[in-house]
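There are 2 protein chains.
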Amino acid sequence: MTTRPAARVGDAVAAVDTPALVIDLDALERNLQKMAAFARKAGVRLRPHAKTHKCPPIALRQIALGAVGVCCQKVSEAEAMAAGGVHDILISNEIVGEVKVARLAALARQAHVTVLADHPDMVAAYGAAARRFGAELAVLVDLHSGGIRAGVEPGPAALDLARRVADEPGLRFAGLQAYQGAAQHIRDFAERRVASERWIAAVAATKALLADNGLACELVTGAGTGTHAFEGTSGVFNEIQPGSYAVMDVGYGLILAEGGHPVTEFENSLFILATVMSRNFPDFAVVDAGTKAGNIDSAMPTVWERPGLTYVSAADEHGAIKVASGGNAPHLGEKLRLVPGHCDPTINLHDWIIGVRHGTVEVVWPVSARGAVL
Amino acid sequence: MTTRPAARVGDAVAAVDTPALVIDLDALERNLQKMAAFARKAGVRLRPHAKTHKCPPIALRQIALGAVGVCCQKVSEAEAMAAGGVHDILISNEIVGEVKVARLAALARQAHVTVLADHPDMVAAYGAAARRFGAELAVLVDLHSGGIRAGVEPGPAALDLARRVADEPGLRFAGLQAYQGAAQHIRDFAERRVASERWIAAVAATKALLADNGLACELVTGAGTGTHAFEGTSGVFNEIQPGSYAVMDVGYGLILAEGGHPVTEFENSLFILATVMSRNFPDFAVVDAGTKAGNIDSAMPTVWERPGLTYVSAADEHGAIKVASGGNAPHLGEKLRLVPGHCDPTINLHDWIIGVRHGTVEVVWPVSARGAVL
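Top line first, the protein sequences correspond to chains C and H. This note's numbering numbers the first residue of the first sequence as 1 and each following residue consecutively. This note's numbering numbers the first residue of the second sequence as 1 and each following residue consecutively.
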């Protein structure tokens, strides 16, 4: 059932079939190096989120550059990463259900596995499964950062749950998961920093409360591409979990750096290569990449380095491109690079990532954890 | 890289791992039978769109009930359908690019293949490939139905292109593709009918123009689940292409029948089975199915037969469910059935469809054309 790749190693980029996910290997490498350098300088552990790329070769490169391991969101995703050679995995999610919890504990015999809890029933289920498989599971208490999200409230509720974890045979209390999802895409720099600092203060207070009660947090982990610099230099967090920085997308391209200019720290390394498949009207073109080739939930794709072309809407298999008058109009059959609206769910649509350098296909990576939702 | 299925044949539905696509086989069968009966009664050919289900066993059942074959949107999707035993395939799309056009012509040696054209360059490329493979390709002229979509304008432009097709060695002019995508989801019945009737008139005029010029349309094909009754009884179309009717979704649940009540002709047979994975607050729950398990582009999923529960937003791996006060609140670990917001791109996220009947898993179907975007 796995689809055929859109190219072979050695093909010219111009010969890649479409729609296809293409990654600029040099830009990817620069992104990976920059975040690794940030974490090194800040003195925090870097644990990139593999839910973005779902691709073990990228994870292994992140680890080679200093990352301690990866985050995953699903047990099946973690299984794919472990099979791909990753030895230290934080499942930054609650795991519920007998089949999945058993697999979680079994995986902890193959790799160092950490997981989240936000309820005593989970603690009991994790403990029973860990004892059954003779595994030790490291467990973080997940802090609720607002909105309709998982987690327990920072403060006494977190302390109660941490005690349960510490008391449960087979489990090891490992600290706090403190990811503030809502802050990542706040556009204005100062607003984003304020949201982050408020959150860091709540996390610091909870960490202190636990310490006062004899529960040391070996790990306080969280942060994404949007806020990594705040948590990473806070002195409260000792691990960061950014994912999107490796490839970037339209959504992260919209957030602003200090001073109000767009964030340019990380580059777009990921593109949806698309072909113009209809070109009968002067003011628009249709490309062969719609919602089955790129996610549009949070932003439309943009057309890379083609001013005058705007991707305005998507059907399942088609993208609608408006052509400005006097613009550099595309011709039928022309291939365009689209910047994905949202990288994570876009990569999850594809079985392969075509890695290119200097105009040539250099690698064809399987997206091994694509569709790993269990 | 194909993921493990969420269940085995014989499992109780309650034991299916989540998130998973579950199909109610009895409801599916009723939907398939109803559309087959409509087409039979109307005297039109039924060619269901396989871009919805991407699953050969469902296509074969549609054919067993009288369908003439299927539609696909992509060459790779058509290849998966042909490999799954479907012998007559209309690729209801323009195919552009050397690799794909070669595969299209090669496939025409294995199955009866029809494809669309909206430009003379395509006609030339199709013809060259057909001659190279010694295949005969049937070609429909695609009519532009408005908006940023493929196709040539109805009328003289269509006649010009039809002549090109008829004159191209290796190709057979087979008629008109006349799908009006924009009309399918018009909510009000009368408005939908008016839009459909206007379109049918334009198609009829083009068909007559071609006939007057010696080009008979063996096939005038189009229509979706929203307008099939109009085109199907028009006397102008002799084939209909609905897809969603087999499984339905929230989007099609919103359109109204004559008299203003919701359309009830077809049932929801497809569900995303999800587990409540966080339940710490009275007014909300978090489920394990987000945008990697269900598409939200056109509508949020709804919670099946659980009044008081509203799926309000989705992150990649999480669905946010509001719980009305006094509602029948779900408990941690409870499994909920979600009606997909949009069926086609939802199915495209999953490798397997779990078919259930009377509470037991009866089939586990591979979604063979999932991810077949080339």
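If you are wondering where the hints come from, they were derived from the structure by calculation, not from laboratory data. Glycine is no exception: its CB is placed at the ideal position from the N, C-alpha and C atoms. Be aware that a few hints might be false.
Claimed, not checked - Okay, the calculated bits of chain C under chain H, using three or more residues with CB under 8 Å as the criterion:
hint, region
1, 12-21
2, 142-151
3, 165-179
4, 228-242
5, 265-272
Each hint tested on the structure:
no. : hint    : result
1   : 12-21   : holds (count 5)
2   : 142-151 : holds (count 6)
3   : 165-179 : violated (count 0)
4   : 228-242 : violated (count 0)
5   : 265-272 : violated (count 0)
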